[in-house]
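J.: Sequence:
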Amino acid sequence: MIVFSGVRADSFRSMVGSMGFKTNGKIYAIFDTEQKTERFRKRDFVLEISDGGRFDQYVSFQVTGDRCESLDGFSKGDEVDVEFSLRGREWTSPSGDVRYFNSLDVWTIQAASQSAEGGFSNEEPPMPDEPPRFGEEPPF
0 MIVFSGVRAD SFRSMVGSMG FKTNGKIYAI FDTEQKTERF RKRDFVLEIS
50 DGGRFDQYVS FQVTGDRCES LDGFSKGDEV DVEFSLRGRE WTSPSGDVRY
100 FNSLDVWTIQ AASQSAEGGF SNEEPPMPDE PPRFGEEPPF
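Per numbering that gives the first Met the number 0, the very first residue in the sequence shown carries number 0; after that it's consecutive.
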């Protein structure tokens with residue numbers, strides 16, 4: 000089991016599957032879709048995960064490919080449930096410096112009231128045909 004410091008266990012808990020997680024919270028920000036390559040696009044959003052107000056967390060998530068449109072029906076302040084994977088990547092700069100990047104890749108996002116009725120799917124979405132390619136700068 001993975002434990003996340005400062006986040007309530009009922010808000011951020013492990014679910015069945017490899018590196019799969021669920022959480023819920025309030026949408027704090029939704030950003031525009033970014034076309035990274037001809038075949039890869041992503042869209043970021045920030046979820047406010049409350050622990051009662053003392054140490055609220057503002058966590059950045061991303062959706063990719065066809066799932067970018069899944070955010071169109073949501074607005075700042077909406078309560079949602081998300082199902083996501085934790086991803087990591089190594090990047091070496093032209094000067095040889097090695098950096099590591101993490102992303103929280105969302106599979107599904109639903110209004111909080113809908114997930115109680117319909118639940119989440121346990122099927123992980125397919126990976127993009129090709130990973131994004133980055134130039135000499137880190138991918139952010």
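For the record, the hints were derived by calculation from the structure and aren't laboratory data. Don't take each hint at face value.
Calculated lysine-lysine pairs in the BS3-like style (CA-CA distance at most 27 Å, straight line) [claimed, not checked]: (1) K21 / K75; (2) K75 / K25; (3) K41 / K25; (4) K75 / K41; (5) K21 / K41; (6) K35 / K75.
J.: All hints, please: hold or fail.
T.: So, going through the hints one by one against the coordinates:
1. K21 / K75: Holds, because 20 Å separates the two Cα atoms, which is no more than 27 Å.
2. K75 / K25: holds (8 Å)
3. K41 / K25: Measuring from Cα to Cα gives roughly 20 Å; hence the hint holds.
4. K75 / K41: holds (19 Å)
5. K21 / K41: holds (20 Å)
6. K35 / K75: At roughly 25 Å apart (the allowed maximum being 27 Å), K75 and K35 satisfy the hint.
Against the hints set out earlier in the document, no violation occurs for any number.
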